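*Asks:* Read off the chains here:
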Amino acid sequence: MRVRPSDGLTGTQLLDMYRWMLLTRAYEDRAQELWSKGLVVESLHGSQGQEAIGVGACYALRPSDVVAPSLRTRAAFLVRGVPVRQFLAGMLGKATGAANGKATAHHMGRPEGGILLGSAIVGASIPVATGAALAFQLRGEDRVSVCFFGDGTAQRGDFHEALNFAGVMKLPVVYIIENNLYAEFTPIAKHFAGQSLAARAEGYGFGGLAVDGNDILAVFDTVSEAAERARLGEGPTLIECMTYRQRGHSSSHAPTEGRDPAEVEAWLKRDPIELFRGELDRRGLLGDGVLEGIRASVDQDVEEAVQFAIDSPLPDSAELYRDVYAEPGFGNEEAR
Amino acid sequence: MTTIAYREAVQRALREEMRRDSSVFVFGEDVAEPGGVFKATLGLLDEFGPKRVFDTPISESALAGVAVGAAMMGMRPVLEIMFADFTTIAMDGIVNSAAKVRFLSAGEYTAPMVVRMSYGAGARWGAQHTQSVESWLMNVPGLTIVQPSTPHDVLGLLKSAIRSPDPVIVLEHKNLYGKKEDVPDEEFLVPIGKAAIRREGTDVTIAATGAMVDRALAAARTLAAEGTEAEVIDVRSIIPLDVDTIVESVVRTGRLVTLHEAPVFGGFGAEIAASVGQRAFGYLDAPIERLGGAWSPIPFGQVLIDEYLPSEQDIVRAAERTLSS
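Protein sequence lines correspond, in order, to chains A and B. Position 8 of the first sequence, counted from 1, bears residue number 37 in my numbering, the numbering being contiguous throughout. Position 318 of the second sequence, counted from 1, bears residue number 1572 in my numbering, the numbering being contiguous throughout.
Keep in mind that the hints were calculated from the coordinates and are not lab data. Hints should not be assumed to be uniformly reliable.
[Said to hold, decoys possible] Restricting the straight-line Cα-Cα distance to at most 30 Å, the calculated cross-link-like pairs of lysine-lysine (BS3-like) are:
hint: 1; chain 1: B; residue 1: K1305; chain 2: B; residue 2: K1293
hint: 2; chain 1: A; residue 1: K199; chain 2: B; residue 2: K1305
hint: 3; chain 1: B; residue 1: K1448; chain 2: B; residue 2: K1305
hint: 4; chain 1: A; residue 1: K298; chain 2: A; residue 2: K199
hint: 5; chain 1: A; residue 1: K199; chain 2: B; residue 2: K1433
hint: 6; chain 1: B; residue 1: K1448; chain 2: B; residue 2: K1433
Values in this document were obtained by computation on a predicted structure and should not be read as measured data.
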């Protein structure tokens, strides 16, 4: 039988991965509650149902690698070290949040942890992540850039331009499509006539793989191998993770608006956290009190973050004029 | 001093900066083997090799974003956009990404990158190869924009642009690539954000950019024959705009003509006029004259191009109008 990278994961690591998934889910659910109470100023784009992708992929990387999360790769921010409290404070528009209140949490960047700055223009991060890979290649570093985006974003021109460029340059980059079957409200059948997004990779001269995006170990294995190829100079990989968005496009929309109830039910049965819990149970890792312990510590983290975010101050209005340029007042500000 | 052409000044600036800083690299469509369609990157591939000077697919959108990503990771990319008109394709990377990197990360990330592009009308390249795009970009905080009109300035400004900690757009007028001038043999920089007075005068100020600077100087010679001394200011930098130099000139002359190739409406001349109106209103002896391209797409045929662009005679007449009121 083939040795899989995940075979080397210890019980402690597996439980840690489970904890990241649970923390991400608890965070999203709690943020939704706060949003309903009018406390969250950022429009939420819940990642419930897609946690296995961010956790599995980031767990397969080295600290020196970089990631460009999509607006629905919440897990990537957390696994790569953004404190839950800072992320949530950002969603509340607080001074302790992303860029001191200047940026949305969804697209925040953080050099510590290698999180590339995102953009609310879906697809813009594909060339940016590709450029990071170019920098690594130019300097001869064995670092990998990993870019997450959705099936809807895969229809942007930037997808084609960036993947073609990466293929030509053989860049150390891994593209991960979180195919959750919906582009905002539009089901995939209405925005994609092909059979497979992964198959597009052939046209760019590198490998494309489809994987069960709700199976965290499958994601971990596929990304581990892709990152290894990238490090060896073998170029990019496109990975299409099949998954399902359990919530609406954003916090303003009902979870299953306009969907077939049978489809929803079938996917909820394949909830990635429940699937992984079953796997951990089969491996005998869930002894007495283990689950309860994880849940309690996750809840504690989230509640501590909620308190921190609520207690945090709003930004000082002078913050507006900081970081426009390196030199304060540079540009044509005096015309104001 | 050595006499060099504008394109050679671009080559020299890139060469000097690439020698000085190993994080500088040059990429774009046909910039390596062919040396660029205007030969402004000729010779770089031979000296610096294919890792630091390379050709790319026709993918301006990706290239702009790639530059942002590489810059965020500590490189100093110099991207050539073959014709400035193609910035429409690269606009997202420039406007939504590059210009906002520092702000949206509170300075934790920066995008020290240069986008060079050939712009400008006057030769028969057609509507989508000849536009002056500074107005499209100058409403974007976070960007720096320079528009050098001489070999000396493109050399010194491009070097300053490459050393800038923020993204800089360098607009190179395609008709100037063959223009020659003596430049110092020793290294020098031209600071970004400083206008240059090309001709001193006492009667009217003409503030111009790029290839229009030479046309303004020609008009000034005609005006001098009639006894009018025009002061010609080469604006050089759109962001930041050196309002002080222009205002100081208008305080002396009492009259102002703004001049560029982009259409007058929404052109940078409007910004100059507004700033002068605000800061030197009491010194103005006549309404400000604004000259620019016609409100039409830029045509292909020469007769129509001549009609589109402000002519030397148009400049003379505008100056005369300020003097007659």
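*Asks:* Hint by hint, which ones does this structure get wrong, listed from lowest number up?
*Replies:* Checked against the structure, the hints that fail are numbers 3, 4 and 5, while the rest are satisfied.
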